[in-house]
Amino acid sequence: MLQFTRWKMVAILGTVLVGILIALPNLFSKETVDSWPSWVPKRQLVLGLDLQGGAYLLYEVDKQDYVQKRLRTLVSEIRKAMLEDPRIGYSGLGVQGQGVQLRVRDLSQLDLVRKRLEPLRNPLSNSILGGTPVNEFDLSVANDGLVQMTYTQAGLDQRVRSIVDQSIEVIARRIDQLGTTEPSIQRQGADRILVEAPGLGDPERLKSLVGQTAQLTFHLVDATVAPGQSADQARKPGTIVLPSNEAGGPSYVLEEAPLLTGEDLTDAQATFDQRSNEPVVSFRLTTGGARTFGDVTQKNVNRAFAIVLDDKVISAPVIREPILGGSGQISGSFTLQTANDLAILLRAGSLPAKLTIVEERSIGPGLGADSIRAGKIASIIATAAVCAFMVATYGMLGWIANIAVLVNVILIFSIVTLLGATLSLPGIAGVIITVGTAVDSNVLIYERIREEFRSGRSAIASIDSGFHRALGTILDANVTTLIAAIVLFYLGSGPIRGFAVTHAIGVATTMFTAFTFTRLMVAMWVRWRRPTKITL
Amino acid sequence: MRHLRLVPDNTTIPFMRMRRWTFPIAALLSALSIVLFIAIGPNYGIDFLGGTVIEIQTKDQQPDLGKLRGELNGLGLGDVQVQTIGADNSVLIRIGQQTGGEAAQQEAISKVRTALDGQAEFRRIDIVGPRVSGELAWNGALAMIVTFVAIAIYVWFRFEWQFAVGSIISAANVVIVTFGFYVVTQHEFNLTSLAAILTTVGYSLNDTVVVYDRIRETLRKYKKISLADLIDRAINDMLGRTVITTVTTLLALFSLYFFGGEVIQAFTLAMIFGVIAAILSSVCVAAPILIYFGLRTDSMNDKKTDDTKSPTKGAQKA
Chain A
1 MLQFTRWKMV
11 AILGTVLVGI
21 LIALPNLFSK
31 ETVDSWPSWV
41 PKRQLVLGLD
51 LQGGAYLLYE
61 VDKQDYVQKR
71 LRTLVSEIRK
81 AMLEDPRIGY
91 SGLGVQGQGV
101 QLRVRDLSQL
111 DLVRKRLEPL
121 RNPLSNSILG
131 GTPVNEFDLS
141 VANDGLVQMT
151 YTQAGLDQRV
161 RSIVDQSIEV
171 IARRIDQLGT
181 TEPSIQRQGA
191 DRILVEAPGL
201 GDPERLKSLV
211 GQTAQLTFHL
221 VDATVAPGQS
231 ADQARKPGTI
241 VLPSNEAGGP
251 SYVLEEAPLL
261 TGEDLTDAQA
271 TFDQRSNEPV
281 VSFRLTTGGA
291 RTFGDVTQKN
301 VNRAFAIVLD
311 DKVISAPVIR
321 EPILGGSGQI
331 SGSFTLQTAN
341 DLAILLRAGS
351 LPAKLTIVEE
361 RSIGPGLGAD
371 SIRAGKIASI
381 IATAAVCAFM
391 VATYGMLGWI
401 ANIAVLVNVI
411 LIFSIVTLLG
421 ATLSLPGIAG
431 VIITVGTAVD
441 SNVLIYERIR
451 EEFRSGRSAI
461 ASIDSGFHRA
471 LGTILDANVT
481 TLIAAIVLFY
491 LGSGPIRGFA
501 VTHAIGVATT
511 MFTAFTFTRL
521 MVAMWVRWRR
531 PTKITL
Chain B
1 MRHLRLVPDN
11 TTIPFMRMRR
21 WTFPIAALLS
31 ALSIVLFIAI
41 GPNYGIDFLG
51 GTVIEIQTKD
61 QQPDLGKLRG
71 ELNGLGLGDV
81 QVQTIGADNS
91 VLIRIGQQTG
101 GEAAQQEAIS
111 KVRTALDGQA
121 EFRRIDIVGP
131 RVSGELAWNG
141 ALAMIVTFVA
151 IAIYVWFRFE
161 WQFAVGSIIS
171 AANVVIVTFG
181 FYVVTQHEFN
191 LTSLAAILTT
201 VGYSLNDTVV
211 VYDRIRETLR
221 KYKKISLADL
231 IDRAINDMLG
241 RTVITTVTTL
251 LALFSLYFFG
261 GEVIQAFTLA
271 MIFGVIAAIL
281 SSVCVAAPIL
291 IYFGLRTDSM
301 NDKKTDDTKS
311 PTKGAQKA
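As given, the protein sequences belong to chains A and B, one line each in that order.
One point on numbering: in the UniProt record's numbering, the residue at position 473 of the first sequence is 473, and numbering is uninterrupted.
One point on numbering: in the UniProt record's numbering, the residue at position 5 of the second sequence is 5, and numbering is uninterrupted.
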C-alpha cells in the first residue's frame with residue numbers, strides 16, 4: 001500500500017499540478033487573464049445567475065391559443081373548398097373543441113366531401129426515416145352527414161415542435177438586434193423555451209422583446225359602419241372588431257382578410273416624422289407587397305386602413321393618395337425606445353404562436369455580489385475551522401489531511417471550470433459539504449491506522465493495513481453518495497442540479513485524493529520520519 | 001504532543017440493548033412527523049405553490065412596512081405578505097398565485113413595479129406559474145424515489161438484502177423527520193429545501209454504509225458471539241470516527257449557516273438537522289434493523305469455509 005513506482009508518483013503529482021493550473025485563472029480578474037500568453041489555460045468558472053445576477057425566463061407555447069387560431073384558418077379553408085364547383089351545401093360550420101365540424105345537406109355528396117377535404121388533412125412531412133406520414137387532422141365523415149376534422153395528437157406534437165424551433169430562431173434574431181447581452185436560448189422539453197440572460201438585472205425590456213408575438217397586419221376599415229355606432233352591433237360576416245392599443249381608445253370594425261402581413265416587409269427602422277418630429281417606424285415592402293399595397297391604396301383613396309399589431313389597432317390613417325413607392329411609416333404615439341423595439345420586432349419577424357411565461361426568476365447584480373462575498377467568507381471560515389480541528393486531533397497527519405482537502409477543493413474547481421459547468425450558490429454549498437466528507441475519508445484511514453497499531457502491529461504495518469482496510473469502506477460509502485448525486489443531477493432542476501454538480505464532482509475527487517494523493521503523502525512522510533510509534 | 005481525543009478508547013456502550021427504546025423513539029418521531037405533515041403541513045414556497053416573491057431594497061434606511069403593506073394591498077392582488085430580511089432595508093414581498101393563470105401573474109408584477117417605482121431597487125423577482133410548480137414538486141419526489149431504488153440495488157449487491165432494507169429505512173426515517181423539522185419550524189419549503197433533504201439522504205446513506213461495512217467486517221472476524229454483541233462491537237470500534245466526522249461536517253455547516261448569507265441559511269439549518277438525524281439514525285435505526293430482519297451471523301462467510309471454521313454455529317443459533 002505504501003509502495004509507489006516512479007511513474008505512478010509522477011502521474012499523481014502531475015494530475016494535481018494540472019488541476020491547479022486549470023483552476024488558477026479563477027483567482028484573477030477577466031482582464032488580467034486575457035493579457036496572459038496564449039498557451040496558459042484561461043478558462044474561468046461560469047457563475048450561475050444567482051451569483052452574477054441575471055434573468056431566467058421560461059416560456060411555453062400557448063397550445064390552446066395556437067389550436068384555436070389554426071382551426072379558424074381551417075374553417076375558412078373548408079368554406080373555400082365547399083364553394084368549388086360543384087358546390088356542396090352544408091350547415092353549422094364551426095370550431096368545436098379540438099376540431100371543426102359541419103353538416104352536409106345532401107347525403108349523396110359525402111364521397112365528394114371526403115375527396116375535397118382529404119388534402120386539408122395536411123400531411124406533415126417529418127419522415128426522414130421513411131416512417132408513416134403524420135396527418136395534422138383526422139377526417140371523419142358520418143353517414144348522417146356529420147363531418148368532423150380533429151387535430152391528431154401526433155400532428156399537434158409535431159406542429160408544436162416546429163413552432164418551438166421557429167420561435168427560437170425569431171427570439172435569437174430579436175435579441176441579436178438588442179446587442180447588449182449574450183443570453184442563451186434553448187428548447188426545454190416538448191413545448192418550452194428557456195431564455196437566460198446573465199448580468200441583466202431588469203428583464204422588463206427583454207421580456208417585451210421576446211414575449212411579443214409581433215403579428216403585424218394591415219386591414220381596411222369597414223366604411224359602412226358610421227362613426228360612433230357601437231362596433232359590436234355593426235358586426236357582419238367577413239369583418240372583425242378589434243380594440244385600439246391605447247386604453248380607452250375606440251374599437252374598429254375591420255375587414256377580416258388582411259391586405260398585408262408582416263411577411264411582406266423587408267425592412268423597418270425607427271425614424272422621426274418629418275413634420276411632427278415624433279418617433280415613427282418606417283418600413284419598406286417586398287416587391288409583391290408593394291404592388292398589392294399600391295393597388296389597394298389606389299382603389300381606396302379617402303378610406304381608412306388600420307395597422308394592427310397582435311390584434312390591437314396601432315393607428316388607422318386615412319389614405320390621402322395612392323402609396324406606390326412600397327414604403328410607409330407607422331405612427332402611434334411612440335417613444336424613441338418603443339419605436340426602436342417595434343422596428344426590431346418587425347425586422348426579426350413574428351412568433352408563430354403566442355408564448356406565455358411560466359417561470360421567471362431575476363436576480364439583481366447586487367444580490368449576486370452579496371452572495372459571492374458571503375460564500376467566500378463562509379468557505380474560508382469552514383476550511384479554517386475544519387483544518388484546525390484536524391491538526392488538533394491528528395497532528396502531523398492532520399496537516400496531510402488538510403493538504404489533501406485543499407487539493408480536493410482545487411480539483412473540484414478545476415473540473416467545474418474544465419466542463420464549463422455552472423457554479424451556483426447551492427453549488428458552493430456542495431463544495432463545503434465535500435470538505436466535510438473529504439475529511440471523513442481521512443478520518444476513516446487514520447482511525448483505522450490507529451486501531452491497527454493498538455492491536456500490536458508495527459507502525460509501518462499499521463499504516464499499510466490501515467489504508468488497505470479503510471479504502472474499501474471509502475469506496476462503498478462514496479459510490480453510494482455518487483449514485484445519489486448523479487440521480488439528482490439528471491432528475492433535479494435549478495438549485496438541486498447546481499448542488500448535484502459540485503457534489504458529484506466532489507465525491508469523485510474525494511475518492512481520487514484518498515486513493516492516491518493522501519496515500520502518496522503519507523508514504524513520503526513515512527520514508528522521511530521512519531516512525532516506530534504512532535501517536536494519533 | 002498530546003492530541004485531542006473526543007472519545008475514549010475501548011468504549012463498550014450497549015447500543016443494541018438500547019434499541020428497545022431508541023428504535024421506538026425513532027419510529028415515534030417519524031410517525032409524529034407524518035401526522036404533523038398531514039395535519040399542519042409545511043410552509044410551502046412559491047416553487048411548489050406558484051406565486052411571486054420579490055426582494056427589494058428600499059431607498060429609506062428604515063422601510064415603513066405598514067405603508068408598503070397598505071400600498072400593495074391596495075393593488076387588489078389577494079394575499080400580500082411583507083417582511084424585512086437580512087440587511088435593514090431589504091424587504092421580502094410574497095404575492096399568492098393569481099387566478100387567471102400565467103398572464104395574470106405578469107400583470108400583478110407590473111402593477112407592483114409601477115407602485116414601487118422610484119422607492120426601491122428590485123433585488124430579486126421569482127415568478128412561478130401553476131403548471132411549473134406542480135412539475136417541480138413531482139420531479140423532486142421522483143428524484144428521491146429513484147435515488148432510493150438505485151442505492152438499494154447497489155447495497156443489495158455489495159452486502160445482503162437486509163442491509164439494503166436497513167439503509168433505505170434509515171434514510172427514509174431521516175427524510176421524514178427532516179420534513180417534520182420543516183413543519184415544526186415553518187421554514188419556507190422550496191426547491192432549495194428539497195435539495196437540502198436530498199443531500200441528507202446522500203449523507204445518511206454514506207454514513208449507514210460506513211457503519212454497515214464495519215459490521216460486515218466484524219461478522220467475518222468473530223463467529224461465536226451474538227449478532228447484537230457483534231454490532232455493538234462494530235459501532236464502538238468506530239465511535240471515534242463517527243464523532244470526529246460529525247464534528248468536522250457540523251463545523252463546515254455551521255460556518256455556512258453563520259457566514260453564508262441569508263439566501264442559504266434555511267438550507268444549511270435543515271442540513272445541520274439532517275446530518276445529526278442521519279448519524280443517529282445509522283446507529284439507532286439502520287443497525288438494529290439487521291437484527292429485526294434476522295441477518296444470520298454466518299451470512300458473510302463463503303459456504304466452503306463455513307463448516308470448518310465455525311463448528312459451534314448451529315448450537316449458537318438454537
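Since the hints were made in silico from the structure, they are not lab data.
Since the model is a prediction, treat every value here as computed from it, not as a measurement.
The reader is advised that the hints may include incorrect statements.
To be verified - Label-pair distances were calculated between CB atoms; the ranges are:
{"hint": "1", "chain 1": "A", "residue 1": "ARG529", "chain 2": "B", "residue 2": "VAL184", "range": "22 to 32 Å"}
{"hint": "2", "chain 1": "B", "residue 1": "GLY134", "chain 2": "A", "residue 2": "PRO250", "range": "40 to 50 Å"}
{"hint": "3", "chain 1": "B", "residue 1": "VAL7", "chain 2": "A", "residue 2": "ALA369", "range": "38 to 48 Å"}
{"hint": "4", "chain 1": "A", "residue 1": "TRP7", "chain 2": "B", "residue 2": "VAL184", "range": "54 to 64 Å"}
{"hint": "5", "chain 1": "B", "residue 1": "PHE37", "chain 2": "A", "residue 2": "PRO41", "range": "25 to 35 Å"}
{"hint": "6", "chain 1": "A", "residue 1": "ARG529", "chain 2": "B", "residue 2": "ASP9", "range": "21 to 31 Å"}
{"hint": "7", "chain 1": "A", "residue 1": "THR5", "chain 2": "B", "residue 2": "GLY134", "range": "52 to 62 Å"}
{"hint": "8", "chain 1": "A", "residue 1": "GLN188", "chain 2": "B", "residue 2": "ASN43", "range": "20 to 30 Å"}
{"hint": "9", "chain 1": "B", "residue 1": "VAL243", "chain 2": "A", "residue 2": "LEU406", "range": "56 to 66 Å"}
What the hints assert, rightly or not - With a straight-line cut-off of 30 Å between C-alpha atoms, the simulated DSBU-like cross-links for lysine-lysine are:
{"hint": "10", "chain 1": "A", "residue 1": "LYS533", "chain 2": "A", "residue 2": "LYS8"}
{"hint": "11", "chain 1": "B", "residue 1": "LYS111", "chain 2": "A", "residue 2": "LYS533"}
{"hint": "12", "chain 1": "A", "residue 1": "LYS376", "chain 2": "A", "residue 2": "LYS30"}
{"hint": "13", "chain 1": "B", "residue 1": "LYS111", "chain 2": "B", "residue 2": "LYS67"}
{"hint": "14", "chain 1": "A", "residue 1": "LYS312", "chain 2": "B", "residue 2": "LYS67"}
{"hint": "15", "chain 1": "A", "residue 1": "LYS376", "chain 2": "B", "residue 2": "LYS59"}
{"hint": "16", "chain 1": "A", "residue 1": "LYS42", "chain 2": "A", "residue 2": "LYS63"}
{"hint": "17", "chain 1": "A", "residue 1": "LYS207", "chain 2": "B", "residue 2": "LYS59"}
{"hint": "18", "chain 1": "A", "residue 1": "LYS80", "chain 2": "A", "residue 2": "LYS69"}
{"hint": "19", "chain 1": "A", "residue 1": "LYS63", "chain 2": "A", "residue 2": "LYS312"}
{"hint": "20", "chain 1": "A", "residue 1": "LYS299", "chain 2": "A", "residue 2": "LYS80"}
{"hint": "21", "chain 1": "A", "residue 1": "LYS69", "chain 2": "A", "residue 2": "LYS30"}
{"hint": "22", "chain 1": "A", "residue 1": "LYS69", "chain 2": "A", "residue 2": "LYS312"}
{"hint": "23", "chain 1": "B", "residue 1": "LYS111", "chain 2": "B", "residue 2": "LYS59"}
{"hint": "24", "chain 1": "A", "residue 1": "LYS42", "chain 2": "A", "residue 2": "LYS30"}
{"hint": "25", "chain 1": "A", "residue 1": "LYS80", "chain 2": "A", "residue 2": "LYS207"}
{"hint": "26", "chain 1": "B", "residue 1": "LYS111", "chain 2": "A", "residue 2": "LYS207"}
{"hint": "27", "chain 1": "A", "residue 1": "LYS63", "chain 2": "B", "residue 2": "LYS111"}
Note that the Cβ used here is the ideal one computed from N, Cα and C, for glycine as well.
Hints and how they fare:
1. Our hint of 22 to 32 Å for ARG529/A and VAL184/B is violated, since their Cβ atoms are close to 52 Å apart.
2. One distance hint, 40 to 50 Å for the beta-carbon pair GLY134/B and PRO250/A, holds here, with the actual separation near 42 Å.
3. With their beta carbons about 43 Å apart, VAL7/B and ALA369/A fall inside the hinted range of 38 to 48 Å.
4. In this structure the supplied range 54 to 64 Å holds for TRP7/A paired with VAL184/B, their Cβ-Cβ distance being about 57 Å.
5. As the Cβ distance of PHE37/B to PRO41/A is approximately 49 Å, the hint placing it in 25 to 35 Å is violated.
6. Between ARG529/A and ASP9/B, the C-beta spacing of about 24 Å keeps the proposed range 21 to 31 Å intact.
7. Evaluation of the 52 to 62 Å hint for THR5/A and GLY134/B yields a pass: the beta carbon distance comes to about 57 Å.
8. Hint check: GLN188/A to ASN43/B, Cβ distance near 28 Å, so the stated range 20 to 30 Å holds.
9. Between VAL243/B and LEU406/A the beta carbons are some 24 Å apart, a value that contradicts the proposed interval 56 to 66 Å.
10. The suggested pairing of LYS533/A with LYS8/A holds, with an alpha-carbon distance near 28 Å, which does not exceed 30 Å.
11. Under the criterion of a C-alpha separation no larger than 30 Å, the hint pairing LYS111/B with LYS533/A is inconsistent with the structure, at around 74 Å.
12. Distance check on the hinted pair: LYS376/A and LYS30/A sit about 18 Å apart at the alpha-carbon level, within 30 Å; holds.
13. A C-alpha spacing of about 16 Å is found between LYS111/B and LYS67/B, which places the hinted pair at or below 30 Å, so the restraint holds.
14. Between LYS312/A and LYS67/B the alpha-carbon distance is near 37 Å, which puts this suggested pair outside the 30 Å criterion.
15. For the suggested pair LYS376/A and LYS59/B, the alpha carbons sit about 27 Å apart, so the restraint of at most 30 Å is met.
16. Distance hint between LYS42/A and LYS63/A is unfulfilled; the C-alpha atoms sit about 45 Å from each other, more than 30 Å.
17. In summary, the hint linking LYS207/A to LYS59/B is supported, as the alpha carbons are separated by about 26 Å, within the 30 Å threshold.
18. With a CA separation close to 17 Å, the supplied pair LYS80/A and LYS69/A stays within the 30 Å bound.
19. The hinted pair formed by LYS63/A and LYS312/A meets the criterion: a straight-line CA distance of about 21 Å does not exceed 30 Å.
20. A distance of roughly 25 Å separates the Cα atoms of LYS299/A and LYS80/A; the hinted pair therefore holds under the 30 Å criterion.
21. Under the criterion of a C-alpha separation no larger than 30 Å, the hint pairing LYS69/A with LYS30/A is inconsistent with the structure, at around 49 Å.
22. About 16 Å separates the Cα atoms of LYS69/A and LYS312/A, which keeps this hinted pair within 30 Å; it holds.
23. Restraint check for LYS111/B and LYS59/B: satisfied, since their Cα atoms lie roughly 19 Å apart, inside the 30 Å limit.
24. A threshold of 30 Å between alpha carbons decides the hint, and for LYS42/A with LYS30/A the separation of about 9 Å falls inside it, so the pair holds.
25. For the suggested pair LYS80/A and LYS207/A, the alpha carbons sit about 39 Å apart, so the restraint of at most 30 Å is broken.
26. Restraint check: the Cα-Cα separation between LYS111/B and LYS207/A comes to about 15 Å, which is no more than 30 Å; the hinted pair holds.
27. For the hint linking LYS63/A to LYS111/B, the alpha-carbon distance of about 27 Å falls within 30 Å, and the restraint holds.
The structure fails to meet hints 1, 5, 9, 11, 14, 16, 21 and 25 from the earlier list, while all remaining hints are met.
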